[in-house]
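Q: Residues per chain, in single letters:
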Amino acid sequence: MVRFKNRYVLCEVVSEDPRCRQCIEDRTLGLAVRDAIARVHGDYGLACCSISFTVKYLNAYTGTVLLRCRKDSYRLLCSALPFVRYLESRAQRYPCFLNTLHVGGTIRTCQKFLIQYNRTQLLRLLQNHTNEEERQCIQKSLLSCSLTEEQSQSGDEEEDDGTE
Amino acid sequence: NILTVCFSVGYSAVALNHVIDFKEKKQEIIKPISPSELFPSLPIVQGTSKRIKVLTRLTLVVSDPSHCNLLRSTSANIRLYDIIAVFPKTEKLFHIACTTLDVDLVCINVTEKLPFYFRRPPVNMAIDRGIYFELLYTPAIKDSTMRRYTISNAISLMQICKGKNIVISSAAERPLELRGPYDVANLGLLFGLSEGEAKAAVSTNCRATVLHGETRKSACGVVYTVKKPRKVEEEETAVPACKKAKTQA
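Just so you know, the protein sequences line up as chains A and B, in that order. Going by the numbering used here, 141 is the number at position 141 of the first sequence; the sequence numbering is gapless. Going by the numbering used here, 1034 is the number at position 34 of the second sequence; the sequence numbering is gapless.
Each hint should be verified, as a subset may be incorrect.
Unchecked claim - To give a feel for the contact side, a few chain A residues facing chain B, derived at Cβ under 10 angstroms: (1) Ser15; (2) Glu16; (3) Arg75; (4) Ser79; (5) Ala80; (6) Tyr86; (7) Cys96; (8) Leu98; (9) His102.
As the list claims (entries may be wrong) - Label-pair ranges, simulated between beta-carbon atoms: (10) B:Glu1195 x A:Leu58: 22 to 30 angstroms; (11) A:Glu132 x B:Asp1102: 51 to 59 angstroms; (12) B:Ser1152 x A:Leu122: 41 to 49 angstroms.
Everything labelled a hint here was simulated from the structure, so no lab data went into it. It should be emphasised that the depicted structure is a prediction, and the values quoted were computed from it without experimental measurement. Ideal placement from N, C-alpha and C gives every residue a C-beta, glycine not left out.
Just need the whole structure built from these sequences, with the hints factored in.
A: Shown next as structure tokens:
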């Protein structure tokens, strides 16, 4: 079957400045990544990677980014991601770096990985915080994480029960 | 704070480096900072229940054969470091470091064009002895000319050693110069490693270096006895010294 195969790269934006999270937008991030590819791989690399390059998903609160590219050029993209040093928006530069979490073939696999990853992060937060209220908050969100399908795609629901 | 970023990104062991440069006036080797002074309790590795290891490491920048005598001296402070690395500046010193010096890592210069070419005999001897070659990636992230030197030096090393015994490490001075382990393995692809070798460069080779350091610390003098095999079930016969040290460590 002839079909265009894509690779979805899941990254996390890590930065010291808390204001950086607010200015994360898909356009600024796309520009920063393209700029890094151009610096590392030149015109050829930029042209190869930008065939089907978009930022598919962005979560400003946790700094999670999902990028899409063609299967043939995902190596160029992945090897250029460590070279992203700052995000620039509205004439402000925020130094940061991207931490690659997972590379998947479909959005669904990346979503499953992200749920597991968020669960481990919540567990880590649980260990560090000793305030009782926050702990209960975190425990409640841990128990309720699940993967539910959209109604339009198919009717069945999958539940990932977070019982510890 | 660099260490906290390390831990949050997912590393399971970190080594703190102390560089000794002989160009300046004679420096003494000071005792390494004990990790318990920095952290009252080490956080746990993400995903497992073990604590993160913080190790200490010493790098000697040698540009003269007389500097290597420091390694043979019985100064007690050297023994306290977990990993010892040497940074040779000339071809002769590179040869000496690969063949006779008692170190765990040989650092490869990434900030300028190498004054010497690698040759196969010392590199092969280093691989046999279990010495690893180290590449730094932080200069590549910072500056474009450094990037070119890094890649050209790394690829020339790969062509000689075929990708074995490589460790990629960062010389980060700020928390934002650090990169996660998956990203560092992807950088290895740029240096000419295959994908499995690049992942090994971040994980298994580093672990092997730490073990090499441990055996170097513990196995100073080993006496092994050879029993004449009378019965078939005697297994502990004629185990060579190096293997015995590794199983004890």
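Q: Against each hint, give a clear statement of whether it holds in the structure.
A: Against the structure, the hints come out as follows:
A cut of 10 angstroms between beta carbons decides the hint on Ser15 (chain A): the least distance to chain B is about 7 angstroms, and the hint holds. For Glu16 (chain A), the shortest C-beta to C-beta distance to chain B is roughly 7 angstroms, which falls under 10 angstroms, so the interface hint holds. For Arg75 (chain A), the interface hint holds, since its Cβ comes within 10 angstroms of a Cβ in chain B; the closest pair sits about 6 angstroms apart. With 10 angstroms as the threshold, the beta carbon of Ser79 (chain A) comes within range of chain B, its nearest partner Cβ sitting at about 5 angstroms, so the hint holds.
Given hint, Ala80 (chain A) at the interface with chain B, holds; its Cβ is 9 angstroms from that chain's nearest Cβ, closer than 10 angstroms. Taking 10 angstroms as the C-beta contact cut-off toward chain B, the hint placing Tyr86 (chain A) at the interface holds, the least distance being around 9 angstroms. Interface hint at Cys96 (chain A): satisfied, since its Cβ lies 7 angstroms from the closest Cβ of chain B, which is below the 10 angstroms cut-off. A least Cβ separation of about 7 angstroms between Leu98 (chain A) and chain B falls short of the 10 angstroms threshold, and the interface hint therefore holds.
At about 8 angstroms, the closest approach between the beta carbon of His102 (chain A) and any beta carbon in chain B falls short of 10 angstroms, and the interface hint on this residue holds. About 28 angstroms separates the C-beta atoms of Glu1195 (chain B) and Leu58 (chain A), a value consistent with the hinted range of 22 to 30 angstroms. About 54 angstroms separates the C-beta atoms of Glu132 (chain A) and Asp1102 (chain B), a value consistent with the hinted range of 51 to 59 angstroms. For the pair Ser1152 (chain B) and Leu122 (chain A), the supplied restraint of 41 to 49 angstroms holds, since their beta-carbon distance comes to about 45 angstroms.
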